[in-house]
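This is what each chain is made of:
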Amino acid sequence: MHIQKNIANRMLTEKEQVERSKTSPACFEPLYVKYYEGMIRFVYKRVESFDDTKEIVSVVFTKALTNIGKYKDKGFPFSSWLFRIAINEINQFYRDSKKLRAISLDEKGIKNIAAETAMEKNELISNLKRALTYLSDEDLLLIELRFFEERPFAEVAQILGVSENHAKVKTYRVLDKLRSAYARV
Amino acid sequence: MKDYKLLTYRPELTQEQFKEGMDFSKVKVNAGAAKAAAFKTLLIKIGLCLTVVTGVVIYVKIKNSVPKHKSITAIDSANTQDSAFIDSVAFIQKKVQVLKQVESLPEKTQTVKDSSIDVMEGINSVQHMEPVVIVESNTAKKDTSKTLASKTANQKVKKEFKPTLNGRCVIWKSDNYCELPLSLKYVSGWDCSSCDFDNVDCSELERNLIALLVTVTPKPQQRLKLESGFKNISLVKNDGSVIHPAFLSLGPKNYFGKNFRSSAFAAHYTNEINLFLFFPDAQSGDIVAIKGLGEVMVEN
Numbered sequence: 000m001h002i003q004k005n006i007a008n009r010m011l012t013e014k015e016q017v018e019r020s021k022t023s024p025a026c027f028e029p030l031y032v033k034y035y036e037g038m039i040r041f042v043y044k045r046v047e048s049f050d051d052t053k054e055i056v057s058v059v060f061t062k063a064l065t066n067i068g069k070y071k072d073k074g075f076p077f078s079s080w081l082f083r084i085a086i087n088e089i090n091q092f093y094r095d096s097k098k099l100r101a102i103s104l105d106e107k108g109i110k111n112i113a114a115e116t117a118m119e120k121n122e123l124i125s126n127l128k129r130a131l132t133y134l135s136d137e138d139l140l141l142i143e144l145r146f147f148e149e150r151p152f153a154e155v156a157q158i159l160g161v162s163e164n165h166a167k168v169k170t171y172r173v174l175d176k177l178r179s180a181y182a183r184v
Numbered sequence: 000m001k002d003y004k005l006l007t008y009r010p011e012l013t014q015e016q017f018k019e020g021m022d023f024s025k026v027k028v029n030a031g032a033a034k035a036a037a038f039k040t041l042l043i044k045i046g047l048c049l050t051v052v053t054g055v056v057i058y059v060k061i062k063n064s065v066p067k068h069k070s071i072t073a074i075d076s077a078n079t080q081d082s083a084f085i086d087s088v089a090f091i092q093k094k095v096q097v098l099k100q101v102e103s104l105p106e107k108t109q110t111v112k113d114s115s116i117d118v119m120e121g122i123n124s125v126q127h128m129e130p131v132v133i134v135e136s137n138t139a140k141k142d143t144s145k146t147l148a149s150k151t152a153n154q155k156v157k158k159e160f161k162p163t164l165n166g167r168c169v170i171w172k173s174d175n176y177c178e179l180p181l182s183l184k185y186v187s188g189w190d191c192s193s194c195d196f197d198n199v200d201c202s203e204l205e206r207n208l209i210a211l212l213v214t215v216t217p218k219p220q221q222r223l224k225l226e227s228g229f230k231n232i233s234l235v236k237n238d239g240s241v242i243h244p245a246f247l248s249l250g251p252k253n254y255f256g257k258n259f260r261s262s263a264f265a266a267h268y269t270n271e272i273n274l275f276l277f278f279p280d281a282q283s284g285d286i287v288a289i290k291g292l293g294e295v296m297v298e299n
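Line order of the protein sequences matches chains C and F.
For the first sequence, numbering that gives the first Met the number 0 gives the first residue as 0, with consecutive numbering after it.
For the second sequence, numbering that gives the first Met the number 0 gives the first residue as 0, with consecutive numbering after it.
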């Protein structure tokens, strides 16, 4: 009960901060400080250069502050709105730079995917790059959010702006796609 | 298929790296600049919109200020308003009057006559024109010359008149008004609201009535409608007077008297309608005007 009350207070505080930021940009600073690190991590997982990452994150927060007046609380955390802006900015960055989209893969991610696709780790790594080419941007984002970054379905759904069940269904469809992609490569 | 760059086992970011790019003042300045740019873009868009709207308004005003060539085809459309229909009938009446008066002028005033006829050509642009009254020369005319003038006027009307009804109208000569030709296409039915049909037995039709058979192929957007007292159907006679049908038949067994009442009546048909209109008086050269369908001259 006590924890729930604390969470509610925290949410209320964040909502208040968002509302205040709509009239006074200076009030956005606590939100910037709160989400900056998470945003850097999120973008860095998808962009090779750290300088590009910083640039993209700067644009994300600039856009968030510019458009905060249009933000409407739909029951999702404020961070999911920021992540959606970040996804759009990353896509824009790759459209403008014509660079190859980067995918960061660590031990944890490889294990998760291996478990889901029932494949050997070495075989998985050697063919993963080619298998991923069969996925669309949206499919890849799902795989990254769920298996490489180990986000819960609720958070994946919030970032994608869909229901939790929808996120689950989509994730398992993408896994099927990945399995059939492995069969082809 | 899309190619990706797989980055495996990347080193974790350090706390120094996180702090390195953290600069809220830069974000604030950029956001301010972005808002200013957005405001500027908005102003430009509003300016463009205003320019376009002003341009359109000026164009419409200029277009409306030029006198429009309004002919009797004004009632060609099924959506024609009542006023347009009344104007059209009044216009035909005035045209007949003016032509008759012009024709009745003595020979000496031929030049004046010619110029009057020239004026007649521009009559279409002036729908609310007052009838021309020419006094002096008419008084000296004999009855025979009047008849002649009337005939010539009729010819003029005939010459000037352009039918807008897609079909024809003939005087139907029959000994028995109950025996409508079965080979013709009649309306198959109708939608009617608040109707009082006033069905008439065809045998009751007076023998002195003149029956006109109107054959019309309506355009896709046109509908045959009937108004109470058949006020939407007019016969403009050669002398300019206007009468409405005393009876009307939409086909065998469907004879409606003048007491017909309706708030909305629309007929169903395939592609052609044959309609019998009964007038107390009608002759070749008269003009039948049906609101929503157009006008046609009566033929023998």
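There's no promise every hint is true.
To be verified - Computed spacing ranges between beta-carbons, pair by pair:
(1) F:C191 to C:V161: 34 to 42 angstroms
(2) C:D175 to F:T40: 22 to 30 angstroms
(3) C:G37 to F:T53: 27 to 35 angstroms
Said to hold, decoys possible - Computed cross-link-like contacts, DSS-like style, restricted to lysine-lysine with a CA-CA straight-line distance of at most 27 angstroms:
(4) C:K33 to F:K25
(5) F:K34 to C:K14
(6) C:K21 to F:K218
(7) F:K34 to F:K172
(8) F:K257 to C:K53
(9) F:K18 to C:K62
(10) C:K21 to F:K25
(11) C:K21 to F:K172
(12) C:K69 to F:K257
(13) C:K21 to C:K98
(14) F:K44 to C:K69
(15) C:K69 to C:K107
(16) C:K14 to F:K44
(17) F:K44 to C:K120
(18) F:K34 to C:K33
(19) C:K62 to F:K184
(20) F:K184 to F:K257
(21) C:K62 to F:K25
Just so you know, these hints were derived from the structure itself, not from any lab.
Yeah, the Cβ is synthetic: ideal placement off N, Cα and C, and Gly gets one too.
Outcome of the hint check:
| no. | hint | result |
| --- | --- | --- |
| 1 | F:C191 to C:V161: 34 to 42 angstroms | violated (54 angstroms) |
| 2 | C:D175 to F:T40: 22 to 30 angstroms | violated (45 angstroms) |
| 3 | C:G37 to F:T53: 27 to 35 angstroms | violated (51 angstroms) |
| 4 | C:K33 to F:K25 | holds (17 angstroms) |
| 5 | F:K34 to C:K14 | holds (22 angstroms) |
| 6 | C:K21 to F:K218 | violated (60 angstroms) |
| 7 | F:K34 to F:K172 | violated (83 angstroms) |
| 8 | F:K257 to C:K53 | violated (88 angstroms) |
| 9 | F:K18 to C:K62 | holds (20 angstroms) |
| 10 | C:K21 to F:K25 | holds (18 angstroms) |
| 11 | C:K21 to F:K172 | violated (86 angstroms) |
| 12 | C:K69 to F:K257 | violated (66 angstroms) |
| 13 | C:K21 to C:K98 | violated (35 angstroms) |
| 14 | F:K44 to C:K69 | holds (20 angstroms) |
| 15 | C:K69 to C:K107 | violated (38 angstroms) |
| 16 | C:K14 to F:K44 | violated (33 angstroms) |
| 17 | F:K44 to C:K120 | violated (57 angstroms) |
| 18 | F:K34 to C:K33 | holds (23 angstroms) |
| 19 | C:K62 to F:K184 | violated (71 angstroms) |
| 20 | F:K184 to F:K257 | holds (23 angstroms) |
| 21 | C:K62 to F:K25 | holds (12 angstroms) |
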